[in-house]
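If you read the sequences in order, they're chains A and B. 1 is the number of the first residue of the first sequence in the numbering used here; add one for each residue after it. 1001 is the number of the first residue of the second sequence in the numbering used here; add one for each residue after it.
Quick caveat, the hints were computed from the structure, so don't treat them as lab data. The structure presented is a predicted model; accordingly, all values stated were derived computationally and were not measured. Do not take every clue at face value.
Computed Cβ-Cβ distance ranges for the label pairs, DEER-style [as the list claims (entries may be wrong)]: (1) Glu1497/B - Asp59/A: 52 to 60 angstroms; (2) Ala1181/B - Met1/A: 45 to 53 angstroms; (3) Asp60/A - Asp1078/B: 51 to 59 angstroms; (4) Asp1286/B - Asp19/A: 28 to 36 angstroms; (5) Asp23/A - Ala1185/B: 44 to 52 angstroms; (6) Met1/A - Arg1054/B: 28 to 36 angstroms; (7) Val43/A - Ser1299/B: 37 to 45 angstroms; (8) Thr1036/B - Ala47/A: 55 to 63 angstroms.
Where is the CB? At the ideal position from N, CA and C, for every residue including glycine.
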Amino acid sequence: MERSELESRIKKVICQVLDISEDMIAMDNHFVFDLGAESTQSVELVAAFEAEFDIEMDDDSALAVDTVGGAVEYIGKYV
Amino acid sequence: MSTTSSQAPQSGTPEKHALDGIFSPQSVAVLGVTPTPGTVPYDIFHNILSSGYRGTVYPVAPGKRSICAVKAYRYVLDIEDEVDQAVIVYPANVVERALEQCGRKGIKSVIVISAGFREVGPEGIKREQRIKDICKEYGISMVGPNCLGVINTDPKVQLNASFARKMPAAGRIAFLSQSGALCTAVLDYAREKAIGFSKFVSFGNKAGVTEIELFDYLHKDPATDIILLYLEELRDGRGLMEAARRVTRGEHAKPILAIKSGRTPQGADAASSHTGSLAGEDAVCDAVFREAGIIRVSSIEQMFNSAVMYTYQPMPSNDRLAIVTNAGGPGVMATDAAVGCGLSIPRFAQSTTEKLKQALPDTANVKNPVDVIGDARADRYDAALEAVLEDPNVDQALVILTPQSMTDIEAIAEGICRVHENAKKPIACSFMGASDVQPGIQLLQQSHIPHYILPEWACEAMSDIQKIRHWRQQSIDEPKRMPVDKATAERIIYAAEPGYLNEDEALDVMKAYGLPVPEHRLAKSVDEAVAAAEQIGYPAVLRVVSHQIIHKSEVKGVALDLPDANAVSQAYETMLKNVAKMAPDATIDGILVRGMIPTGYEIILGGKRDPVFGPTIMFGLGGIYVALFKDVTFALAPMDEGTADRMIHQVKACDLLEGARGGACANIDSVRDCLVRVGQLISDFDRIGELDVNPLIAGPAKIGNMVADVRIRITE
Chain A
1 MERSELESRI KKVICQVLDI SEDMIAMDNH FVFDLGAEST QSVELVAAFE
51 AEFDIEMDDD SALAVDTVGG AVEYIGKYV
Chain B
1001 MSTTSSQAPQ SGTPEKHALD GIFSPQSVAV LGVTPTPGTV PYDIFHNILS
1051 SGYRGTVYPV APGKRSICAV KAYRYVLDIE DEVDQAVIVY PANVVERALE
1101 QCGRKGIKSV IVISAGFREV GPEGIKREQR IKDICKEYGI SMVGPNCLGV
1151 INTDPKVQLN ASFARKMPAA GRIAFLSQSG ALCTAVLDYA REKAIGFSKF
1201 VSFGNKAGVT EIELFDYLHK DPATDIILLY LEELRDGRGL MEAARRVTRG
1251 EHAKPILAIK SGRTPQGADA ASSHTGSLAG EDAVCDAVFR EAGIIRVSSI
1301 EQMFNSAVMY TYQPMPSNDR LAIVTNAGGP GVMATDAAVG CGLSIPRFAQ
1351 STTEKLKQAL PDTANVKNPV DVIGDARADR YDAALEAVLE DPNVDQALVI
1401 LTPQSMTDIE AIAEGICRVH ENAKKPIACS FMGASDVQPG IQLLQQSHIP
1451 HYILPEWACE AMSDIQKIRH WRQQSIDEPK RMPVDKATAE RIIYAAEPGY
1501 LNEDEALDVM KAYGLPVPEH RLAKSVDEAV AAAEQIGYPA VLRVVSHQII
1551 HKSEVKGVAL DLPDANAVSQ AYETMLKNVA KMAPDATIDG ILVRGMIPTG
1601 YEIILGGKRD PVFGPTIMFG LGGIYVALFK DVTFALAPMD EGTADRMIHQ
1651 VKACDLLEGA RGGACANIDS VRDCLVRVGQ LISDFDRIGE LDVNPLIAGP
1701 AKIGNMVADV RIRITE
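Only chain B is shown next, with the shape it has when bound in the complex (with noise of 0.2 angstroms):
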């Protein structure tokens, strides 16, 4: 990346940044301009032209005297004066060109709006690298390509290099999208709900500048306040993390909201076919959000309810919220979204219920939510506001209206509208309707209190609100480093070929890292099993160690709770036998021998080194409920003992570990501290490709746990 060379308008950044000049140039050439309206390359020097740029525009257009009344060019390399910043729209094939004439001109910043690139094949894949490589030559930060453009409504800039219908009004809600189709969606929508957007950033195949280089810039833009992303594919899983931390917390903290698209297997592979995209697993995707506190949104409605929340409205100091409305039934329905997203109804103070039995007719519910009855006028929503909102067991309050015959919805607004600015703590309205109630919507959205059709929207939005303060509060600390034996470990690991670890092998592993492994021994030999078990004492359990045996319940190749040396001596035999005859091409390695582990609660713990996120950690219900219950979690290793903390509790299961229903408490600390491990180990070696550990016995706190299985999956 590198830093214009000209002198960027004053748009609001103090210092310089290497996308001043994708935001803020002091003049833009359009490659490829044509004469005709209505196509792409038109329209876009059009509402360069059009949206007020306060800058000096340059069409390229060869053959063209002019275009729109403005002198044209050949070639980019044609005009006289410095060039901020390049918008390339000509055809694909001949994008190369004109960015290596860019590259040649000086200009720094480019945006490439052409389609035609990864997202079509190998072809375009090759033809992306390439302009990737001019980008790389001559220090240039590219947007796109495949992409919408970009808009900064800064009114020192004014810039709409898009091909969107039209500029959106001026706000502190800055929107990233991969998706060029969207982002028009999106600024109609907004237009509508009378939102405006600080930056507006389509950044489509994302060759050159990414959402982490977005990030930064906008953490750094005094003109935004929140960052609402939509993301398709994601490729730097840890990059994304840092940078998403970085701007969430501190000083100059700014919320992310994002949708990440693909949720689903089919919906991955429509993302696939779409921008080239290739999801990750998003189980871990929701976890790396989590963990970088990213709040992950499921629609474009719940990212800009949450989006106007938070930029409209004080933060509240916390959860618990007030609801008064002129309708029961709504109230309780809003009663129940609360509660079910996380929000606390408080019981008032005697004051405010005082306060409340004063202003309100007796049949009213002067309870939390307060229901100041259906002919309710204006007087009696002030009244309960103000009461409720100076309510020390309240931080913020949600008005719910409902149009009935006598309901003044304008004069109601307007003294919400009175509360609203004098009051310190956040307010939400949802006057419920659509056409009767719409002027006290107006009056609500000019004044930036924050409507919702459905009260449960807009319990959903103060919800993403507490998420967003406890990130903030949330503590992060560096990962932790466990005294573990990586020289044993490291030894067994490089020796062996690809494939999965022998059982005893994975189980050195696992000891050398201090994770609890029962004492065992590999005999070669009856004798040599027999002597095993006796100097492990019974009941012993005897295991085929074969590389070519996963599952050695299937092929006969476990015994358990031998009580003796007749026993062993038996087993030992019966199992050569069988797993002879059942994977006969199978080369035993010998017969590992321990003693039987005490039982306990089976819990998972997995690695895997993911191809977009590298080595991650899996938490869950163990044993055979794996697969049934799905109830596991994920996070990035190596991890700090916080994060292995938030893992377990993140988990249905965590009830059971806890001694739900009278069960027997788990010994908490030592899962946690084997989590560490885990995640340490995987994250020291690169050739394990994935490592399970199930189940991991989690035994009465007193006992602790014991790696009842594992196995360590090795990699070229």
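For reference, chain A alone in the conformation it holds in the complex (with noise of 0.2 angstroms):
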């Protein structure tokens, strides 16, 4: 998959999530800081981003990418 589609899915995904707009994102955003993502949330993306993209991820280890750029990084390696 190409990384401008990858980004924009996923951009997508975390919009619907937490209820923002996408001009609100940027790659080096942190979940909670900078968007405003709260614990619950952090498990909704996680199993959203499964459901977008298909896969299934390692829990703890997804739940521990804190930012937009990372996410990316980690979903890359699923897709």
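Assembly of the complex is requested from the two constituent chains, each provided in isolation within its own frame, with the hints serving as guidance.
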């Protein structure tokens, strides 16, 4: 998958789960500090990424990813 | 610490203080607010809004337009106005980023609620250090992390920056706690008892603001009369002592009552795992609190019982208590309790007895404790209470009521309230029971008359007030410096390798500091030993000297009461053989020769460099009784003579020294002198890790003392 497509789909998922607009999101954004994710939403994000990309991630390591760019790198290994 | 640049609301504090921004901010930003009720971030923001806060509050909630209809900001840096205080509720891993932004925004007062710092282990300790560094860089005063928050009930501020369920009532008591969870329980307890607070602070891991800065702030806070403290961990024992002395003495003295948990080794372990605490040695803590004027209490109940007594009632001039009761048994119990905790039960003046006889039936007891008899109604209570309060031999009164069928509880309570209005002496009540007496208790509490379910609790509270009174009267002098030969001690101590000094060296150090040591010589041959004994005189004592031998008796390295040169010669040879056999690896540096020490009371003077308190001194019954009876007490070194004197009088063995049961009196002046000198010694030399003068033989007054054995452990 092209990186640009991966980034775009990841941003779309983040927007849906956190209920924010896409123009808020930058690659170096922290899910909690910059995008306002609550602890339960971190779990929702992992589930939504798995559904979006039809993958199954290791929960502990997936939850340790705390930035948008980190999520792109991490999910990129699965797709 | 820095002061806030903004104009803080008039919280009642007359002069600017570094913590004004914590207690009386004009504006507060809450960083990390979420829109989900029932979560800490939401509840804190909601509490500030709903507590009636007089300033402006800004929610920082990335991705949210508003929280509770208040415009939200993505970052604290986006807020256009100046912000006095930030409350950070983000998860621990982003607190640094939030704090950094607070620093850039110019916010000087921050409360970090978030957990996940030193209390969780090595990673948390590093994280905590990083936020401390940020605070230092930007001059931020920080409360927390890992705390419940801060409450100021001042009507001009009305700030509840905490996740406590409700804002407490305004009152004159400040409560400080290292445990956040305890705070919520205390708030609930206080509400039930109609107790109000001036300030309420949970300071958690105390990475920034500690109890010491809080003492200083509250000392100057006109809304606070008394400070209550719950502490799990002490880090700066001397700082605490100095700050507490400033608060508890002088013109605007305010008492401090404290619970220091971790009294038992098991409790200390629990404290370690709870807030990452390392509890200091409890006995030392006890002594330091005593010398700092902090009243150490054992329970929340006792803490508030005593605080209410102090806050609502005048200070009694002395310890004499009158008891008025309608039941004999509780009167006797109260008398026992009062005497047990140091109060006295005086005889009434003749005029008082006459008044009581006129007002009470013949069957009543008109002596103290006054029994107004079970069928007493309000008139008898009124008359008895008025009479005893007018008595010149009475300093305070305790009214006990048991609910009998004819007892008019509310009328009696109303009568007590009327008497209380004009009384200049403290009154406490104990309406014993629960349900029937409740309406009376409510009336008493409304009139700010302290009420205790059990009369014993009332006595305990009154006893604590006496401790406060005594402390204010007690003189404290600067530590005394004795004339000593410091150069000689320095030469020995700095030449030594880490480990124990040899006995001859240790005795020389003691001698240099003016302690009475026996005349001694170090002999390296039989001839030298005999010559030394001839010079010193008989009977002689031989003691093996070796860095590797601590317990000389265990290797047969002590020979006593040697009458002549022949005995010294034989003992010398035998000792070398025995020691060579029993401690073959030990290097023998020689044999110490000295005279026999006259008998006397065996006491111990110990010294230790405590990680929390620094140099501390122990005094008590010595010799083999140290471990057996543990009749010892502690104080910080160096010390003044008054402190040394109090140490001597704190141990049970003091009675022996003062000649109990016809025994000889020891020279207590000389013992006090030794204590001050040992305190000076350990304070002067950081290399002394521990020292034990055990025993110091305290001989009869005319003879004085003699160091019989001493060990000094030198550190790196």
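Going down the list of hints, with the structure as the test:
The given range of 52 to 60 angstroms is respected by Glu1497/B and Asp59/A, whose C-beta atoms sit roughly 57 angstroms from each other. For Ala1181/B paired with Met1/A, a C-beta distance near 49 angstroms keeps the hint of 45 to 53 angstroms intact. Range check, Asp60/A to Asp1078/B: Cβ separation about 34 angstroms, and the 51 to 59 angstroms hint is violated. Between Asp1286/B and Asp19/A, the C-beta spacing of about 57 angstroms breaks the proposed range 28 to 36 angstroms.
In this structure the supplied range 44 to 52 angstroms holds for Asp23/A paired with Ala1185/B, their Cβ-Cβ distance being about 47 angstroms. Between Met1/A and Arg1054/B the C-beta distance comes to about 56 angstroms, which lies outside the given range of 28 to 36 angstroms. Between Val43/A and Ser1299/B the beta carbons are some 42 angstroms apart, a value that agrees with the proposed interval 37 to 45 angstroms. Between Thr1036/B and Ala47/A the beta carbon distance is about 18 angstroms. The supplied range of 55 to 63 angstroms is therefore violated.
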